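These protein sequence lines map, in sequence, to chains A and B. Quick note on numbering: the first sequence equals residues 1 to 227 in our numbering. Quick note on numbering: the second sequence equals residues 1 to 333 in our numbering.
Just so you know, not all the hints are guaranteed correct.
[As the list claims (entries may be wrong)] Cβ-Cβ distance ranges computed for the label pairs, FRET-style:
1. A:GLU139 <-> B:HIS30: 36 to 46 Å
2. B:HIS30 <-> A:ASP22: 32 to 42 Å
3. A:ALA65 <-> B:LEU268: 37 to 47 Å
4. A:SER69 <-> B:PRO231: 53 to 63 Å
5. B:PRO228 <-> A:GLU199: 12 to 22 Å
6. B:GLU118 <-> A:VAL123: 46 to 56 Å
7. A:GLU115 <-> B:ALA121: 31 to 41 Å
In short, the hints are calculated from the structure, not lab data. None of these values were measured; they are calculated from a predicted model. Just so it is clear, CB atoms sit at the ideal spot from N, CA and C, and this is done for glycine as well.
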Amino acid sequence: MGRASAHPGAALGCLTVADTVDGAALTAWVQEFARLVHEQRDALTELDAAIGDADHGTNLDRGLAAAVSALDTEAPADPAAVLKAVATTLIRTVGGASGPLYGTFFLRASSALGEGDGAALAVAMRAGLEGVAARGKAEPGDKTMLDALGPACDALDEALTANRPLDEALRAAAEGAARGRDATVPMVARKGRASYLGERSAGHQDPGATSATMLMEAAATALAGRG
Amino acid sequence: MKKLINDPANVVAEALRGIAAAHPELRVDHAQRVVFRDDAPVRGKVGLVSGGGSGHEPMHAGFVGPGMLDAACAGEVFTSPVPDQVVAATRGVDGGAGVLHVVKNYTGDVMNFEMAAELMAAESGTEVVAVVTDDDVAVQDSLYTAGRRGVGVTILVEKIAGAAAEQGLPLTGVAEVARRVNGNGRSMGVALTSCTVPAAGRPTFDLPEDQMEIGIGIHGEPGRRRVPLAPAREIAEMLVEPVLADLDFTGGDGVIAFVNGMGGTPLLELYLMYAEVAAILEKAGIGIARNLVGSYMTSLEMAGCSVTLLKADDELLRLWDAPVRTPALRWGA
Chain A
1 MGRASAHPGA ALGCLTVADT VDGAALTAWV QEFARLVHEQ RDALTELDAA
51 IGDADHGTNL DRGLAAAVSA LDTEAPADPA AVLKAVATTL IRTVGGASGP
101 LYGTFFLRAS SALGEGDGAA LAVAMRAGLE GVAARGKAEP GDKTMLDALG
151 PACDALDEAL TANRPLDEAL RAAAEGAARG RDATVPMVAR KGRASYLGER
201 SAGHQDPGAT SATMLMEAAA TALAGRG
Chain B
1 MKKLINDPAN VVAEALRGIA AAHPELRVDH AQRVVFRDDA PVRGKVGLVS
51 GGGSGHEPMH AGFVGPGMLD AACAGEVFTS PVPDQVVAAT RGVDGGAGVL
101 HVVKNYTGDV MNFEMAAELM AAESGTEVVA VVTDDDVAVQ DSLYTAGRRG
151 VGVTILVEKI AGAAAEQGLP LTGVAEVARR VNGNGRSMGV ALTSCTVPAA
201 GRPTFDLPED QMEIGIGIHG EPGRRRVPLA PAREIAEMLV EPVLADLDFT
251 GGDGVIAFVN GMGGTPLLEL YLMYAEVAAI LEKAGIGIAR NLVGSYMTSL
301 EMAGCSVTLL KADDELLRLW DAPVRTPALR WGA
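Go ahead and model the full structure; you've got the sequences and the hints to work with.
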């Protein structure tokens, strides 16, 4: 399913800021996210076992497989419809906290997605981030997926403002997410199931921030070289 | 992993087939994974819907029937149900008097029930009120955290609010009773072993023979602290003390004392624990008006127990004593 490998060398052609982010590109993003989560399913579940209830990898893998298959069947043409189909499928199939949270991310991103270029994608991702914060009533530093999504969106905005091409900007976003993910290790969880451990949650990497980093890495891989 | 299963992916669906086969008085929607009492919706009665992850049996499907829940949604193991399931359950129990959602305070449960209530509000005239249970004193409550977990008191809420609905109270009245039970109930749990989520294949955490986890929830998540194993008398104190410290249980009409097994602890030990709890309460001058001892809210095969105390009044005791006819609780009917 790795779409990036289907476009070898395409990144060479990506020199403008006005990269196109069309339905096919967003579908490739979701497919790559699904592939990463499937590959890392047991690792995600193991992180969750340490401070949660050992189901994050299994649940997200099940939901993303359903989302990929929904995109295969429906093949929505317009970009916003792709994100909305993913949102609906995740909300319908995942359950737990990650279903509503990732579902809300894609739903808000879908509503906010304007004309398909890098800037529009950044606006959509920021809207998704805000949706997650509202649904989960979480703030930065609570040891949640927000701690990866926040730095990712900041890095994306900053790179695009500096007129860097979309693939570079998305790579910066993925690096921002990874830094944010790593920073969750010493945090004491204030939201989600890990919060019940209090001080004992410190010293463990947050599973939600880990999967959120995969979401941004998937964007960097799948959307690079488009346009 | 040694379990009586066929395929880890099908555990919930196959268990629901068994529930349907064992209980013809229940109706199971296998597509949505919702268990209904057979005569739902009951015209003119407030409908009660609860649900949550599977792995806590008999909660919640075991509490569906006259005098308790009208429907229960079964999520994946330890994973809350999705909004579609809650919507299907809510529609199916709406007898025209509104529907009460009984939701345990866990992030996933709260969000999925909230989304379902939003969907219901957008599409129909059904009035939905949610009561969120949060009785676990192991969790420090604050504005900045997810708050306390909903554990043992949930079953007392379902029984007592279920009786209130059966007796014809309107939605506001049933919700008020449910909130009063939650507000007057406190719990604390201990785990002697971990448990194995079928899809994960191995225990959620390692717990050495001589250690126990104090302050656990119901999902095999580790507790607040790990301490050396102790005699039951001391464990009972570790559980009851923080409960009594959190709420004044003296006065009133006594308490409903609930000693709950986590799934892997024999009834022999639960009764032994009940004796210890009763002795502590007697010393504290707290009368036990009613009790419940058994494995009603489990965490798969985890060994351990929880203690829930509910400060009762006349009305709550009357509703507790009212007839109930469900697979797991049955009296007076």
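Comparing the hints with the structure gives:
1. Restraint check, A:GLU139 to B:HIS30: a C-beta distance of roughly 41 Å satisfies the suggested window 36 to 46 Å.
2. Range check, B:HIS30 to A:ASP22: about 40 Å between beta-carbon atoms, so the 32 to 42 Å window is met.
3. Checking the proposed 37 to 47 Å range against A:ALA65 and B:LEU268 shows it holds: the Cβ atoms sit about 45 Å from each other.
4. The hinted window of 53 to 63 Å between A:SER69 and B:PRO231 holds, with their beta carbons roughly 55 Å apart.
5. The hinted range of 12 to 22 Å is satisfied by B:PRO228 and A:GLU199, whose Cβ atoms lie roughly 19 Å apart.
6. Against the hinted window of 46 to 56 Å, the Cβ-Cβ separation of B:GLU118 and A:VAL123 comes to about 24 Å, which falls outside the hint.
7. For A:GLU115 and B:ALA121, the Cβ-Cβ distance of about 33 Å falls inside the hinted range of 31 to 41 Å, so the restraint holds.
Of the numbered hints listed earlier, the single one contradicted by the structure is hint 6.
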